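Colleague: What follows is the residue order along each chain.
Number of protein chains: 2
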Amino acid sequence: MHAHLLTIGDEILIGQIIDTNTAWMSRTLNQAGIAVNGKSSVGDTREAILGGVAHAAAAADVVIMTGGLGPTKDDITKKTLAELFGSEMAFHEATHQRIAGYFEKINRPLPPAMRDQATLPLKAIILVNKVGTAPGMWFEADGKVYISLPGVPFEMEYLMEQEVIPRLRTHFQVRPIAHRTLLTVGEGESNIAKRIEAFEDALPPHIKLAYLPALGQVRLRLSATWPGVLVADAQEKLEAELDQYRDQLAAQIPEWLYGFEDDSLERVVGRLLLAQNKQLGTAESCTGGYIAHLITSVPGASNYFQGAAVTYSNTQKMKVLGVQAETLDAHGAVSEATVREMATGALEALGADVTLAISGIAGPDGGSAEKPVGTVWIAVADRNRCVAFKTVFGRDRMKNIQLSATWALNTLRKFLLDSL
Amino acid sequence: MHAHLLTIGDEILIGQIIDTNTAWMSRTLNQAGIAVNGKSSVGDTREAILGGVAHAAAAADVVIMTGGLGPTKDDITKKTLAELFGSEMAFHEATHQRIAGYFEKINRPLPPAMRDQATLPLKAIILVNKVGTAPGMWFEADGKVYISLPGVPFEMEYLMEQEVIPRLRTHFQVRPIAHRTLLTVGEGESNIAKRIEAFEDALPPHIKLAYLPALGQVRLRLSATWPGVLVADAQEKLEAELDQYRDQLAAQIPEWLYGFEDDSLERVVGRLLLAQNKQLGTAESCTGGYIAHLITSVPGASNYFQGAAVTYSNTQKMKVLGVQAETLDAHGAVSEATVREMATGALEALGADVTLAISGIAGPDGGSAEKPVGTVWIAVADRNRCVAFKTVFGRDRMKNIQLSATWALNTLRKFLLDSL
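Just so you know, the protein sequences line up as chains A and B, in that order.
Per numbering that gives the first Met the number 0: the first sequence ends with 419, consecutive numbering throughout.
Per numbering that gives the first Met the number 0: the second sequence ends with 419, consecutive numbering throughout.
Source of the hints: derived by calculation from the structure; they are not laboratory data.
Bear in mind the structure is a predicted one, so any value in this text is a computation, not a measurement.
Treat the hints with care, since some could be wrong.
Identical chains blur together in the list; that is why a pair holds if it fits in one copy or across any two.
[To be verified] Distance condition first, Cα-Cα at most 30 Å in a straight line; then the derived DSS-like pairs of lysine-lysine:
{"no.": "1", "residue 1": "K207", "residue 2": "K78"}
{"no.": "2", "residue 1": "K398", "residue 2": "K104"}
{"no.": "3", "residue 1": "K277", "residue 2": "K122"}
{"no.": "4", "residue 1": "K104", "residue 2": "K318"}
{"no.": "5", "residue 1": "K277", "residue 2": "K318"}
{"no.": "6", "residue 1": "K236", "residue 2": "K413"}
{"no.": "7", "residue 1": "K370", "residue 2": "K318"}
{"no.": "8", "residue 1": "K193", "residue 2": "K104"}
{"no.": "9", "residue 1": "K370", "residue 2": "K277"}
{"no.": "10", "residue 1": "K129", "residue 2": "K398"}
{"no.": "11", "residue 1": "K104", "residue 2": "K370"}
{"no.": "12", "residue 1": "K413", "residue 2": "K193"}
{"no.": "13", "residue 1": "K207", "residue 2": "K143"}
{"no.": "14", "residue 1": "K193", "residue 2": "K143"}
{"no.": "15", "residue 1": "K193", "residue 2": "K129"}
{"no.": "16", "residue 1": "K277", "residue 2": "K389"}
{"no.": "17", "residue 1": "K122", "residue 2": "K413"}
{"no.": "18", "residue 1": "K143", "residue 2": "K122"}
{"no.": "19", "residue 1": "K389", "residue 2": "K104"}
{"no.": "20", "residue 1": "K389", "residue 2": "K129"}
Produce the entire structure from the sequences given, and follow the hints as far as they go.
Modeller: Dropping the structure here:
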């Protein structure tokens, strides 16, 4: 079966927002065994939406629309779909009460426009949106399924995961499919591929390996589709088979592997700190609090995170972390000596058992011949030792901040594993 | 005239890459007076490409394709287009020499596959790619234009700016189009719509208003297309007319408006600090460094940002910021009293002229009947005054962190504008 993704909204057509929704949707649908064979974007008019839906449905079994469902008058998706499927509109009390409850919870008065939000096509199956106001809608016509979702990413993701995917798998009787993802950090796609070449060549035809690179990390995804006649326990058998391949693959890349599935470096580090009963503190210059943000994105981080000293100025480095003026004068803020003093100083200043310190030149300005933009020093320290490393990333400020954080968290992870 | 953007390649359909090309292309085309009325993506097969081009051409005067032009065997775009336009393929000596020169310049041997790169449809006008190997192609058929460009972003951008846009402007009589975006924060789509209802209803038919909501913010976009007979200064007249509508709209929402076009709260706050020659420090609990991260995402932030004390534990709040143990005992960490002591304490601790302090319950755990998850207190202080506010967001940790940061930056902005 095939899906077509249709985004509705002029903001995509004039390029004011970058469409990240459909990339996420494509990945999620593919993982659920539903291939995407086309995507398109149309504007906010009745004609454009009707044309877009007709085109989308021509080559697909399911059309998933996003956008054009907000409470204001430029949202005509709902009315156009009602027209297309020959459906009356009706006020839906349950949806209105849910929306009213939502506004009560966030302590805001219920806007009158929310009555329109709860006025829905009678032929639609309502997909309950528990994280926003606009409900999703599911239509069926001529053996095809048409789904309309709000364009706000987290609302779309919630509805895809909770409603759309399970319903589509049941509706279209999708063949059993399974996935295992291995998370690696610190090595590029080409070198990983070289190492695991023999493993990859020996995979049976119903198991595929994909490389999914991101900044500083590569995810390896094994995907299996049940190859033969369907049996009652096909899913379990497929899962068990894939577990074996995952273990084989993991054994070949121990120094790059840090986790599985949806794990993250900050969660892995958090669990290590918790298990070792250690309190962490970070001393950040070039990352400007981004590492602390990643660490505190994990629920329960307060159990192992004391805090961060984001010492953006040299004055702060001296005052808060006790970095010596002589060190800054002799070596500069981006140096091994400074970053080591930041890490050891932070042990006391932040009341931490282990500290991570980072100082670099994020760019786009501030580089020199000796220390180009992208130069970053990091140090990890506890009461017994302090290690420091240097690297040079590129010229892009945001990439440098993100790569620095990934590299720093991985260095901390290895330090905690005592494997540095 | 209208353009349709067609991306070719399985990597888009499986969600492995996020399509940033077409957002850039849309903005660039719009600025040149060429409206994009549709976008679509198809896979790497002859059938998909033929179907995609037919669909694209149905409602547009120009079809701009990207992707599917590399040297590997899965790139069949060129052959499919030759077939579509009934064109023979021929080896193009000038293109081959250009590619050879390119490889010479980057000091790499010329791969044999480059002979294929220089084999091109005879009916195509070749668009010379001076920054890569694959040339662009321009076809004309039945009064429409079909353009094929490589998918590598900087090659596509080069060809768009140097070749495609100038040629399109000559080829078609373009109708002027213009946009203005107003950035608001602190109020939802529905209430903004209510406030500006009369303005919106009075807009002439050639000017449209769109609401683009994001977390805690709503962008309002006015779009105008020249309505009448074309005159020499139509573009300037349209821009001037739209400026007036923008100013009218801005005047109706002064307390929510914070900027225009591609600006951001962190940039606005940064410029205010710079103009007022003030150093900022943040004292963050629930946001865990996220506000500092936003502020330091802006190049040049070191000119006005001293640093942050991310005091995640009570111990740190006392030690670094001087919050009194009695205050924490009597009121808790999430309270007006604590957040005020954090803000005033940070003035000294962070050597700052103005400070922003925040403490809240990000969730998903840690709430109580009196202080539910999502409860957040913020304070902004300088040497003369300290203001504090409370709000309650929802139950989602990441949303709470992001909404808190937006709200805090906006509160700081208003404090700096002396409008609180």
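Colleague: Mind listing which of the numbered hints don't hold for this structure, in increasing order?
Modeller: 3, 4, 6, 14, 17
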